[in-house]
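A.B. asks: If you read the sequences in order, they're chains A and B.
What the first sequence shows, in UniProt numbering, is residues 1 to 501, in sequence order.
What the second sequence shows, in UniProt numbering, is residues 1 to 501, in sequence order.
Hints should not be assumed to be uniformly reliable.
Same chains, same label: a pair holds when it works inside one copy or across any pair of copies.
[As the list claims (entries may be wrong)] Restricting the straight-line Cα-Cα distance to at most 20 angstroms, the calculated cross-link-like pairs of lysine to aspartate or glutamate (EDC-like) are:
| hint | residue 1 | residue 2 |
| --- | --- | --- |
| 1 | Lys202 | Asp252 |
| 2 | Lys56 | Glu91 |
| 3 | Lys35 | Asp230 |
| 4 | Lys36 | Asp223 |
| 5 | Lys14 | Glu51 |
| 6 | Lys134 | Asp406 |
| 7 | Lys459 | Asp476 |
| 8 | Lys36 | Glu19 |
| 9 | Lys35 | Glu214 |
| 10 | Lys104 | Asp10 |
| 11 | Lys112 | Asp125 |
| 12 | Lys35 | Glu278 |
| 13 | Lys35 | Asp223 |
| 14 | Lys454 | Asp442 |
The set of hints was computed from the structure by calculation and includes no laboratory data.
There are 2 protein chains.
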Amino acid sequence: MINIEKNYYDLLQKISSYEEAVGLMYWDLRTGAPKKAVDQRSQAIGVLSTEIFQLKTSEEMNTYICELLNDEVKGQLSEKTLRSLAESKKEYDLFSKIPADEYKEYVILQSKAESVWEEAKDKSDYQLFAPYLKNIVEYTKKFIGYWGYNGNKYNTLLDQYEPGITVDVLDRVFGQLREYIVPLVKEISESPYQPKTDFLFKPFPKENQKLLSEFFLKEIGYDFEAGRLDETVHPFATTLNQGDVRVTTKYDETDFRTAIFGTIHECGHAVYEQNISEDLAGTNLSGGASMGIHESQSLFHENFIGRNYGFWKRYYSKLIDYSPEQFEEVSLDEFFEAINESKPSLIRIEADELTYPLHIMIRYEIEKALFNDELTVEELPEVWNQKYEEYLGITPPNDAKGVLQDVHWSGGSFGYFPSYALGYMYAAQLKQTILKDLPNYDELIENGHFSVIKEWLTKNIHQYGKMKQPLEILQDVTGEGLNVQYLINYLDEKYRALYKL
Amino acid sequence: MINIEKNYYDLLQKISSYEEAVGLMYWDLRTGAPKKAVDQRSQAIGVLSTEIFQLKTSEEMNTYICELLNDEVKGQLSEKTLRSLAESKKEYDLFSKIPADEYKEYVILQSKAESVWEEAKDKSDYQLFAPYLKNIVEYTKKFIGYWGYNGNKYNTLLDQYEPGITVDVLDRVFGQLREYIVPLVKEISESPYQPKTDFLFKPFPKENQKLLSEFFLKEIGYDFEAGRLDETVHPFATTLNQGDVRVTTKYDETDFRTAIFGTIHECGHAVYEQNISEDLAGTNLSGGASMGIHESQSLFHENFIGRNYGFWKRYYSKLIDYSPEQFEEVSLDEFFEAINESKPSLIRIEADELTYPLHIMIRYEIEKALFNDELTVEELPEVWNQKYEEYLGITPPNDAKGVLQDVHWSGGSFGYFPSYALGYMYAAQLKQTILKDLPNYDELIENGHFSVIKEWLTKNIHQYGKMKQPLEILQDVTGEGLNVQYLINYLDEKYRALYKL
Chain A
1 MINIEKNYYD
11 LLQKISSYEE
21 AVGLMYWDLR
31 TGAPKKAVDQ
41 RSQAIGVLST
51 EIFQLKTSEE
61 MNTYICELLN
71 DEVKGQLSEK
81 TLRSLAESKK
91 EYDLFSKIPA
101 DEYKEYVILQ
111 SKAESVWEEA
121 KDKSDYQLFA
131 PYLKNIVEYT
141 KKFIGYWGYN
151 GNKYNTLLDQ
161 YEPGITVDVL
171 DRVFGQLREY
181 IVPLVKEISE
191 SPYQPKTDFL
201 FKPFPKENQK
211 LLSEFFLKEI
221 GYDFEAGRLD
231 ETVHPFATTL
241 NQGDVRVTTK
251 YDETDFRTAI
261 FGTIHECGHA
271 VYEQNISEDL
281 AGTNLSGGAS
291 MGIHESQSLF
301 HENFIGRNYG
311 FWKRYYSKLI
321 DYSPEQFEEV
331 SLDEFFEAIN
341 ESKPSLIRIE
351 ADELTYPLHI
361 MIRYEIEKAL
371 FNDELTVEEL
381 PEVWNQKYEE
391 YLGITPPNDA
401 KGVLQDVHWS
411 GGSFGYFPSY
421 ALGYMYAAQL
431 KQTILKDLPN
441 YDELIENGHF
451 SVIKEWLTKN
461 IHQYGKMKQP
471 LEILQDVTGE
481 GLNVQYLINY
491 LDEKYRALYK
501 L
Chain B
1 MINIEKNYYD
11 LLQKISSYEE
21 AVGLMYWDLR
31 TGAPKKAVDQ
41 RSQAIGVLST
51 EIFQLKTSEE
61 MNTYICELLN
71 DEVKGQLSEK
81 TLRSLAESKK
91 EYDLFSKIPA
101 DEYKEYVILQ
111 SKAESVWEEA
121 KDKSDYQLFA
131 PYLKNIVEYT
141 KKFIGYWGYN
151 GNKYNTLLDQ
161 YEPGITVDVL
171 DRVFGQLREY
181 IVPLVKEISE
191 SPYQPKTDFL
201 FKPFPKENQK
211 LLSEFFLKEI
221 GYDFEAGRLD
231 ETVHPFATTL
241 NQGDVRVTTK
251 YDETDFRTAI
261 FGTIHECGHA
271 VYEQNISEDL
281 AGTNLSGGAS
291 MGIHESQSLF
301 HENFIGRNYG
311 FWKRYYSKLI
321 DYSPEQFEEV
331 SLDEFFEAIN
341 ESKPSLIRIE
351 ADELTYPLHI
361 MIRYEIEKAL
371 FNDELTVEEL
381 PEVWNQKYEE
391 YLGITPPNDA
401 KGVLQDVHWS
411 GGSFGYFPSY
421 ALGYMYAAQL
431 KQTILKDLPN
441 YDELIENGHF
451 SVIKEWLTKN
461 IHQYGKMKQP
471 LEILQDVTGE
481 GLNVQYLINY
491 LDEKYRALYK
501 L
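All chains should be built: construct the whole structure from the sequences, respecting the hints.
C.D. replies: What follows is the structure, encoded as structure tokens:
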């Protein structure tokens with residue numbers, strides 16, 4: 001390794017170490033830090049985050065990028081170093097194009113906006129939040145001016161979360177998906193066959209939910225020697241380092257699904273990060289390929305493992321053991337139908353598999369219109385409500401249950417939402433391919449042979465970390481580009497059977 | 001505040017933030033990080049610790065110190081800024097006098113020496129550790145050469161832990177203490193009256209020890225909104241920030257004293273840090289005045305609260321509730337005598353109140369001789385064993401239970417041990433003063449009015465953080481310098497009564 005390459009990797013290790021510290025400080029705040037820790041902890045997080053930003057946009061970083069990507073040197077570099085440099089350069093360009101003062105103002109605005117959003121959501125008062133949102137949108141538009149764009153301004157934002165995905169791609173796949181889902185949702189709501197669900201909401205002791213969450217994590221392949229499970233208000237997975245990928249979950253004693261499916265979802269994120277090649281540790285390639293690929297892994301686990309019929313054939317009796325009264329008169333089939341109920345609802349994070357993509361499309365269309373000056377911040381609530389009525393047949397009774405429900409916009413995360421739906425499409429497409437390699441997939445699950453599935457995912461996806469771009473992974477594994485038909489087929493087969501259509 | 005002063009405080013805040021991150025990373029490693037986290041975590045701790053060292057010895061820091069301590073500026077500064085600068089200057093001088101290369105070699109040596117020490121202790125093989133210890137002593141001697149010294153070379157080391165304390169002071173107070181303790185230990189061992197202690201080692205359920213530890217912490221005045229209790233192999237207290245001072249304890253099911261008195265000891269450290277003036281947050285003054293003053297607070301809590309007769313008059317029935325079979329036939333007085341048993345023993349951290357100072361004196365005399373070239377590393381085990389025989393009347397059967405028992409020397413912490421004994425003398429001297437202000441001290445404890453005692457300690461000691469030097473605190477509070485007679489009086493009264501001498 002040439003000397004400057006070594007220095008470059010040292011800098012990446014330094015950034016990784018700072019990120020590990022910040023990650024742990026956040027995790028600790030959410031899992032068990034005492035109340036009075038918060039003020040100074042937030043300050044410490046601010047100091048270290050600023051330092052990370054400075055390291056990523058430092059003259060030192062720029063020097064390494066320029067000197068290593070110099071034509072004479074470039075040819076001697078490994079594929080790994082080249083990919084790493086591409087990532088570093090992307091971040092460097094992104095941040096260094098924004099004047100330092102403007103970026104600082106924007107960061108302050110973000111943190112204010114988030115607390116105002118919280119208050120606005122509590123009071124269901126959009127007018128409180130609107131001026132901040134307007135400001136954030138204005139800043140983002142200005143940044144797009146600095147960054148430039150191809151074809152559509154919104155493409156620049158999409159590229160930050162899901163490289164390779166553009167408005168053209170999304171318009172196509174979302175169009176197909178909408179055309180299929182909307183009529184099916186209507187058919188289902190009119191079906192005379194509706195599952196019984198009342199027992200889902202009977203009390204399930206928290207301690208038992210916890211034991212069951214731990215049990216499922218172990219069964220599915222989460223490595224407890226490289227992680228731990230804790231309780232938080234919002235479940236998440238966080239990577240501190242490759243040997244320390246933690247998950248959290250939430251226990252709702254009157255809806256056990258929150259913990260069980262939440263845990264399995266986060267397990268998917270965590271198993272991904274636990275199985276990235278060790279060779280990438282301490283570099284900027286030691287993470288998931290993209291938000292969408294990450295979500296494909298969590299949704300694969302949640303839906304294609306945790307909602308697989310064989311899974312419950314195997315574990316339903318175990319579930320009954322942990323809450324006998326709740327399920328004593330419920331058959332396996334009744335249980336399975338209940339956990340797969342589909343019904344239009346207002347809140348994205350509570351939506352079922354079938355209606356979930358509609359929630360994403362509404363946000364996508366609104367964001368795209370905002371950044372193409374076809375919609376103003378003032379008009380948002382009205383448009384939001386219209387779209388919910390049009391796609392889901394329901395109208396939010398207030399903005400808290402409508403346009404104010406998600407935190408994302410208060411942090412300026414425009415372009416993020418589509419990756420949730422992309423993850424779902426990726427997952428369905430991967431599932432189709434796994435069925436070719438492992439035609440006995442359902443049996444594997446029914447027999448608890450999750451390690452075979454984990455090995456397949458590791459071999460095809462996890463190990464690469466950020467060594468490959470999202471669409472490169474999709475192409476390499478499935479032999480084709482993004483194809484929404486697999487998701488449509490999956491939903492069609494599943495819901496027609498469930499609702500006897 | 002002048003501009004450069006503001007920049008100086010910003011740099012201190014930055015250092016504090018890094019220290020908070022490192023503190024949390026250590027705490028997490030010891031309380032619950034998964035096994036595979038360790039390798040990369042250690043690297044991250046190394047990166048951040050190096051950064052802290054660089055900030056403290058940076059050109060930036062030197063500039064602030066020089067410009068603010070300039071005669072024209074100095075007069076305008078607050079007492080707080082002046083104290084803070086004195087601390088910064090002391091650290092800057094200490095580290096910047098050592099050539100960077102030598103310091104780096106030394107840090108690597110330290111970390112190697114600690115793992116070799118662990119192995120040597122496990123195998124009870126001093127020869128394994130000796131070359132490393134020799135090397136560390138050589139480095140330290142070289143550093144003393146850079147730093148300079150007054151009177152005695154060992155004074156330079158003492159000054160790093162307990163400013164103001166010198167060999168002259170220690171020779172005097174340790175001399176007095178030894179002359180008093182050695183004969184009393186002999187008298188006690190020959191006393192026909194010996195307490196019954198067998199019941200101490202009966203099983204006490206861990207879960208109940210935990211509940212009791214939490215209970216005592218709350219009772220004594222530990223603020224759980226600014227801290228938490230966890231379990232570790234070695235108990236400790238750690239300050240992440242002023243609103244987050246954590247304690248840990250260890251549960252031994254066949255000796256409940258480990259957890260109960262360990263928790264009360266750490267409680268003393270933690271209550272100190274929880275009550276430092278908020279005005280000092282984020283500066284280098286937001287910590288205890290010295291190792292000795294810190295230890296005075298932990299020992300005050302452990303011995304003058306937790307081993308007070310009134311304390312157990314109040315709580316013995318509660319203790320019985322948590323382990324009824326163990327204590328059903330033990331009276332309060334029998335219990336109190338048992339927990340205050342005094343008996344020469346080999347291991348410092350297991351020693352009782354009376355013999356503890358002898359363990360410290362032995363280490364002090366050895367360190368002093370080492371740095372004045374009156375003793376070689378090779379001769380250590382022999383001298384150690386001779387002194388244990390001379391002072392305590394027992395000889396270690398092997399080096400694991402002798403010269404290899406403490407971790408301190410492997411980390412180059414020479415000059416640290418005396419602060420344990422100084423803390424004890426400070427505590428007894430403070431106790432004498434508190435009795436003047438609160439003559440009903442014993443009653444306060446018997447009635448659970450710990451807040452009155454906490455307020456006294458906060459008003460006289462805690463609030464100041466590092467605003468005062470250790471001997472300044474002692475003088476301001478007790479009206480005199482270090483006086484070992486108070487400790488002697490306390491021990492005399494207590495042990496003559498207990499052993500009916």
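A.B. asks: How would you classify Lys35 and Glu278 at a CA-CA limit of 20 angstroms: within, between, both, or neither?
C.D. replies: between (37 angstroms within a copy, 16 angstroms between copies)
A.B. asks: Go through the copies and call it for Lys112 and Asp125: within, between, both or neither, with a Cα cutoff of 20 angstroms.
C.D. replies: within (16 angstroms within a copy, 60 angstroms between copies)
A.B. asks: As a check of your reading, is Lys14 near Glu51 (CA-CA no more than 20 angstroms) within one copy, between copies, both or neither?
C.D. replies: both (10 angstroms within a copy, 10 angstroms between copies)
A.B. asks: With identical chains, the pair Lys454 and Asp442 could be close in the same copy or across copies; at 20 angstroms between alpha carbons, which is it: within, between, both, or neither?
C.D. replies: Only inside one copy: Lys454 and Asp442 sit 14 angstroms apart there, 65 angstroms across copies, limit 20 angstroms.
A.B. asks: Using 20 angstroms as the alpha carbon limit, work out where Lys134 and Asp406 are close: within a copy, between copies, both or neither.
C.D. replies: This pair counts as within: shortest intra-copy Cα distance 16 angstroms, inter-copy 62 angstroms.
A.B. asks: 20 angstroms Cα cut-off: does Lys35 pair with Glu214 within a copy, between copies, both or neither?
C.D. replies: between (27 angstroms within a copy, 17 angstroms between copies)
A.B. asks: Since the copies are identical, ignore which copy is meant and state whether Lys459 and Asp476 lie within 20 angstroms (CA to CA) inside a copy, between copies, both or neither.
C.D. replies: within (12 angstroms within a copy, 69 angstroms between copies)
A.B. asks: With identical chains treated as interchangeable, where does the CA-CA distance between Lys36 and Asp223 reach 20 angstroms or less: within a copy, between copies, both, or neither?
C.D. replies: between (33 angstroms within a copy, 10 angstroms between copies)
A.B. asks: Please work out whether the CA atoms of Lys35 and Asp230 approach to 20 angstroms or closer within one copy, between two copies, in both situations, or in neither?
C.D. replies: both (18 angstroms within a copy, 16 angstroms between copies)
A.B. asks: Within a copy, between copies, both or neither: where do Lys35 and Asp223 come within 20 angstroms Cα-Cα?
C.D. replies: For Lys35 and Asp223, only the inter-copy Cα distance (11 angstroms) is at most 20 angstroms; the intra-copy one is 31 angstroms.
A.B. asks: When no copy is specified for Lys36 and Glu19, does a C-alpha distance of 20 angstroms or less occur within a copy, between copies, both, or neither?
C.D. replies: Between. Shortest inter-copy distance 18 angstroms satisfies the 20 angstroms Cα cut-off; intra-copy 23 angstroms does not.
A.B. asks: Pop the pair Lys56 and Glu91 into one bin, within, between, both or neither, using alpha-carbon distances up to 20 angstroms.
C.D. replies: Only inside one copy: Lys56 and Glu91 sit 7 angstroms apart there, 30 angstroms across copies, limit 20 angstroms.
In the structure shown, no violation is registered for any of the earlier numbered hints.
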